[in-house]
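S.K.: Hey, can you work out the whole structure from these sequences and the hints?
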Amino acid sequence: MALEKVKQVSGRGVFVPGADIDTDRIIPARFMKCVTFDGLGEFAFYDVRFDTEGNRTNHPLNEERFAGANILIAGMNFGCGSSREHAPQSLRKYGFDAVIAESFAEIFNGNCTTLAMPCVVASAADVAALRAAVEADPQIQITIDLETQKVTTSAGHSISITLPESARDALTAGRWDPIQELIDNNAQIEERAKALGYVA
Amino acid sequence: MGKSLFQKVWDSHTVGTLADGRTQLFIGTHLIHEVTSPQAFGMLRDLGLTVKYPSRTFATVDHIVPTINQDAPQDPLAAEMMQALQKNCDDFGVTYFDLRSGKQGIVHVVGPEQGITQPGTTIACGDSHTATHGAFGAIAFGIGTTQVRDVLATQTMALEPLKVRRIEVNGNLRPGVYAKDVILHIIRLLGAKGGIGFAYEYAGDVFDRMSMEERMTVCNMSIEGGARCGYVNPDAKTVAYLNGRPYVDMSNFEATATRWLSFASDADAVYDDVVKIAAEDIEPTVTWGISPDHGVAISELIPDPANATSEIEKQSIDEALAYMKLPAGTPIKGVKIDVAFLGSCTNGRLSDFREAAKYLKGHKVAAGVHAIAVPGSQIVAIQCEKEGLDQVFRDAGFEWRAAGCSMCLAMNPDKLIGDQLCASSSNRNFKGRQGSSTGRTVLMSPVMVVAAAIKGHIADARELFDFA
Ligand code: SF4
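As given, the protein sequences belong to chains F and C, one line each in that order.
Numbering-wise, the first sequence is residues 1 to 200 according to the working numbering.
Numbering-wise, the second sequence is residues 201 to 668 according to the working numbering.
Derived by calculation from the structure, the hints in this document are not laboratory data.
It is possible that part of the hints are untrue.
[As the list claims (entries may be wrong)] Derived DEER-like restraints, expressed as beta-carbon distance ranges:
(1) F/Gln-149 - C/Lys-514: 30 to 36 Å
(2) C/Lys-586 - F/Thr-52: 40 to 46 Å
(3) C/Met-201 - F/Gly-39: 51 to 57 Å
(4) C/Asp-449 - F/Gln-180: 30 to 36 Å
(5) F/Gln-149 - C/Ala-506: 35 to 41 Å
[As the list claims (entries may be wrong)] As a list, the in silico SDA-like pairs of lysine to any residue whose alpha-carbon atoms are at most 25 Å apart:
(6) C/Lys-252 - F/Phe-37
(7) C/Lys-615 - F/Phe-50
(8) C/Lys-252 - F/Glu-181
(9) F/Lys-33 - F/Arg-92
(10) C/Lys-203 - F/Glu-191
(11) C/Lys-208 - F/Ala-195
Note that the coordinates shown come from a computational prediction; the quantities given were computed from them, not determined experimentally.
Note that beta-carbon positions come from the ideal geometry of N, C-alpha and C, so glycine has one too.
M.R.: What follows is the structure in structure tokens.
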């Protein structure tokens, strides 16, 4: 399995307001009744995109000018809550390729990396600047460079970003899905199982 | 230099170091349920892989199970998920505690009940509350679906090591203060993000004195404090609880018990952080907002954004109060409730129902309150029924239901309607958590749920009941 090396993500951004956006908000639990992840995209952020009558709200994701944006910009502690992978999967299926936020919940971050969707951290001031920039001009091109750990935009921003070194390495080296490497160590796995004694 | 339990378990389960620097960790026990496993089995089939150690994976069905007519979901999607789990377990030779087994229940209730959860082991489950199993001195992680696939295929997963924070609670809990209050208090103190990057070790005489079920309540909510896992060191109580359970090898139990106990943290273990809390400082604690760290003692006021110490805090209080439709700076006691929910993997065990029934007996649920009691497993349900607890709940005006997650996250028909406010013994008060996008959740201990149900509003159980 040769995986794509994710060194850069480019595209347009959209800011989703709020701190502590949890996985229930990203994908409400009632949409988790599924046996495949296909089709989860349309339910991303459902309860903030639609009111209780099913009418579209004025959420940024409903705004025509942000249609096609593939980089999500958010505040603090994005993706907190449940470990369910439905949340990153729904964002991925919705069309996002990366998330820039002030901070991320750990499990969510790990789950995103495994889907080749980088989660990068920028300062509150830089997130605010990016937000202002995309809201002023949604057509701005944003490039996240995982090697230089910078976000640059066609409007001239150059912002430092961070992400866990393991995630950066996994993405840029095309190792974001660890399954092959795990399988390759089969002999050591069996040795460990034997040594543990409780694995029949 | 001594080692903590976390380090001992981690070291003994390390297969090797991966190219990205992460550890390949052997997962001794894998628990699965219907919501997060079908996609993983799908990935396995796509890749032409099989389950490496089928005897180390155990399945049950909990999230989507109706609690009235358990095995007849009206919802075709729920039925499809149940069928998928059955088929996957059949195809790959995985043990499945299905609805007819008499052993079905919430995965975190079933594991300990069956003796599958054991000290010194690693446990993974595609569910955030897997930390529950840490009550036995296991290192138990909630994982994503792709990791479920990894564990199925290789019985291992890639992980970064964690730091360990020892949380010591010493002294005597005051009457009417429960394990749930202890963990709500800890989360309130350290924050919902305070535990990021950490495993929590719960230590001190309060946890030493707790029953295994109380320890499970505490460990269950580790994730709500941001910790990846939480545990209590195994002791004589742990051994006594497991003695004779179906999945415990009884052939040389003494040696097994000695091995289990050897995983307890050494007296001179080194920690990355130590937090000390006095048991006497803990009051019955309830939440007022939309994050588990939005907690207050029952005697306190709902926070006022005007007293916030930062703009971020102010915004977060504003947002929470707007959602909860609660007035700032007023007592939390007296807030009207619409629904009372007793159950979940936090507080859906036998001791929870016994304790709740003890105080509920002879009282009635207030008019206009919809109260449901949902046992955490079929075994819990049967035991409660044997003891006549179901009748106590029924007589008081509770609905007595069949086992499942139920209104904890409302993937089955048990849901809040509109902006109903629910006094809940579960673990999450996120927006929309209980099945209505405007529904409101107030977390509390089972006895406080009962008190709220009787009064029709959030109440201090100590003013209703005699806790001498
Ligand atoms: S009871 Fe609630 S928290 Fe526990 S496993 Fe079920 S849904 Fe998750």
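S.K.: Could you tell me which of the hints above the structure violates, numbers in ascending order?
M.R.: none
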